[in-house]
Amino acid sequence: MTLKPSPSQIQDLYLDSLRALGIDPLIDDIRFVEDNWEHPALGAWGLGWEVWQNGLEITQFTYFQQVGGLECKPVSGEITYGLERLAMSLQGVNNLYDLVWSKTALGTITYGDVFHQNEVEMSTYNFDLANVELLFKQFLTYEQESLRLIDKGFPLPAYEMVMKASHTFNLLDARGALSVTERQQYILKIRRLAKAVAESYYKARETLGFPLLQDKIS
Amino acid sequence: MTHFLVEIHTEELPPKALPKLARAFLQEIEERLRKVELSFDATQLFATPRRLAVIVKNLAERQADTLVERKGPALQAAFDKDNNPTPACLGFARSCHTTVDQLLTIKNATGTWVGFQQAVLGKSVGELLPTIIQQALDALPIPKRMRWGNQTIEFVRPVHSVILLYGKQVIDAEILGCQTGRKTRGHRFMSSGWLDINQPDDYSAQLKEAFVIADFNERKSVIRAAAIAKNSQVYINDALLDEVTGLVEWPVAIEGNFDEIFLAIPQEALISAMQDHQRYFPIVDPNGKLCSQFITIINIESKDPEQVIQGNERVLRARLADAAFFFETDKKVTLDNRIEKLKQIIFQAKLGTLYDKAQRLSHLTLAIANLIAADQQAAARAGFLAKADLTTALVGEFPELQGIAGGYYALADGEERQVATALSEHYLPRFSNDALPASTLGAALAIADRLDTLVGLFGTNQPPTGDKDPFGLRRAAIGVLRILIEKKFNLDLKALIESALSAYTIPLENKNVVSDVLNFMLERLKPFYQDQGIAPDVLAAVTALSISEPYDLHCRIQAVQRFKSMPESNALSVANKRVSNMLAKLTTPIYLHTVDKTLFEMEEERALFTALTAQQKMLTSLSDSTQYQVILAELAHLREPVDNFFDKVLIMTEDLPRRENRLLMLKELRELFLHVADIALLQ
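Sequence lines, in order, name chains A and E. Numbering-wise, our numbering puts 196 at position 196 of the first sequence, and it's gapless, one number per residue. Numbering-wise, our numbering puts 63 at position 63 of the second sequence, and it's gapless, one number per residue.
In short, the hints are calculated from the structure, not lab data. Take the hints with a grain of salt, since some may be wrong.
Computed far set for chain A versus chain E, every beta-carbon distance over 12 Å [unchecked claim]:
#: 1; residue: Tyr-63
#: 2; residue: Thr-80
#: 3; residue: Leu-140
#: 4; residue: Leu-156
#: 5; residue: Pro-157
Computed, partial: chain A to chain E, Cβ under 8 Å [to be verified]:
#: 6; residue: Pro-7
#: 7; residue: Ser-8
#: 8; residue: Arg-31
#: 9; residue: Trp-49
#: 10; residue: Gln-65
#: 11; residue: Val-67
Keep in mind it's a predicted model, so treat the numbers as computed, not measured. Beta carbons are placed, not taken as given, at the ideal position from N, Cα and C, and that holds for glycine.
The whole structure should be built from the sequences, with the hints applied where relevant.
Next up, the structure:
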């Protein structure tokens, strides 16, 4: 969840959201513990915290300072809820797969009923089965497509391609298909794309006169 | 008397940086108050996760008034011959906002002028403090400042209110985007709404009513006491205590348990999970054995502490279950079988993989073991296996366990105990004042690992630059020096570096790598000895001899340090300087090889010769390098004959054979001292 610009009472809003979920900060020990977020490949970073509930990290809370290598102005506040963890604590469950997904006329459906097979199959695919040769080709395609679209001045579809390239990189990484040096080179490739997309998007918005940044009160 | 309070109320500050940040804030304010000459008695510092505050006691309300004298035109230029003021004089009076009749005459040795004395009123705290506080905040050592919302202001974390109170009065200003006032907030959950601080004296008490212990040190001792009260066997690491103090405003200690089966996991992994990951304090029995309890400091008097305990236990259980799973799974593949996997891990782009490094370490550790009487076969084995644990899942999850994990797995694999110990010790020392490897084999491996990295990175022209030292080469250099010096291995560093270079099978670009690494490492001795209170001239006196055995250097430095405090040292240092200058100025060499007694003219010559001969005998009987202190203490006896010689004997006499004879004695004098150090360099 992103709030832009980050409101001055953003922490209180977040804590109210926890209360709405049924967490009582007068019972649980809720703390904001320094943890700064960074995604070098996307040229993005911010300062903030991980939020602890009784020692468990339930949320990543970040004030974005840079994206695509550009200064954020205004600054967004990003709140990334750890939904499964929150649910586990609310239901008092030790195993993720025992979470109650829903109670139906036919009985209780658990998180495991819904997601376990997916987890097993996708993990096996990601770690063992993904076609490395194909992934390398896909990466190249997404990279070239992104560059082509940046060239034509279409930052949004170009951004889609960066996301696909980034995901393909993650799959290659999970397959252990990249040596340390290659890995660094791929990160730099994505970083270059991300930066070019960010600059292209900025230019497009500038041409439009930054419509969402106008002072609506006056 | 009136006190002053400043409080910056923020969102949660980084706990590890908090004490430093608070101290800097206090210092920056004090410094500026002194600079503007606003007197005060004492200061008090407050720091919590959500505030930085300073109280200045009995702060003067305004600066003292001062009289400033301004000089105008010269007297003869100020009035014409009819004694009427000239335009220059009238202009000066105007610029002083006064009339000509109010001007004075200033007279000194160089002439006479018209002038004016102006009273300058001292500025009040209301005028001075806003700027002082703003400047103090701008000067804080904040590695990364952030912005928030639509603001252009930058600080550690977003700021919500700023208090500036002088007595009961608010000092109006805008600081960090906030209009100053007397408002702050108490505990995030146990208190609600805004709190009006009456006056600086009430700050601490009012916050305490709002469930905030504002004083960092007070909170720290409350935490220590609360933890000990829960369990007297609690192990409190000081750095962790500081961090925890920076994480809570209202500390409450709770105790939790974990299943005893987890005690089978390496103790270091358990401690790491508790201290580094969860900020818990472990419990250790009197025999140093870890127990299955922990203490954690929470920030709330919970309405249901049991729920908080269960939550914390659940988190720790998950972490320990992971560690136990990794430990058991890792053991299924021996370290020996993991070596192949090192081919997949790049050590450094230009230096090949960790597999290559393992090969080099095997050779180099063996070579070093040979020099310090460690088992050579075990050394080659330890070098070969040293990096294998980097492929284990346990080290993947707990990177701080590198080496230690290798030790456990080596034992499980049935490797020799000394090999396992060397693996677990070889990252020591990890930071300044950390322990050194206890075993000789561990020391050999630790030296080999660091020298290999130093040679590799200097060899590929990647030395540290400025404050950038991404490969920790400065720390590596100090580690090697400390091991050689403190474990009294009298090894030649240059030969060790050459040995490390010869383990590389690929050519390295930098052809001066040996001297570059040697100079870099010896350069590290400066900060090393500075920290130990050894003056730079003492170090210079020893390093002037171009010795590359760090332990030998160390023994000499200790001897010179002691010599410097002896009453004779100053005169002998001056004498050495004199001799050194004399010899340097000679245009022809001294052909004489032995002193010719028949050329003596004066009693002082004979006396110096006798003393020199006695000292030369003493030196041959004390050739052991550990005797430097004794040698210098003996050489100190030369002071009297040397002083007398310089007083009474004309050295540069026209009688050339005598001149040469005298110069030769002085040369021998200097050579005696150069056996230990060049004491001419002492200041």
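Taking the hints in turn, this is what the structure says about them:
{"no.": "1", "hint": "Tyr-63", "result": "violated, 5 Å"}
{"no.": "2", "hint": "Thr-80", "result": "holds, 17 Å"}
{"no.": "3", "hint": "Leu-140", "result": "holds, 23 Å"}
{"no.": "4", "hint": "Leu-156", "result": "holds, 25 Å"}
{"no.": "5", "hint": "Pro-157", "result": "holds, 30 Å"}
{"no.": "6", "hint": "Pro-7", "result": "holds, 7 Å"}
{"no.": "7", "hint": "Ser-8", "result": "holds, 6 Å"}
{"no.": "8", "hint": "Arg-31", "result": "holds, 6 Å"}
{"no.": "9", "hint": "Trp-49", "result": "holds, 6 Å"}
{"no.": "10", "hint": "Gln-65", "result": "holds, 6 Å"}
{"no.": "11", "hint": "Val-67", "result": "violated, 13 Å"}
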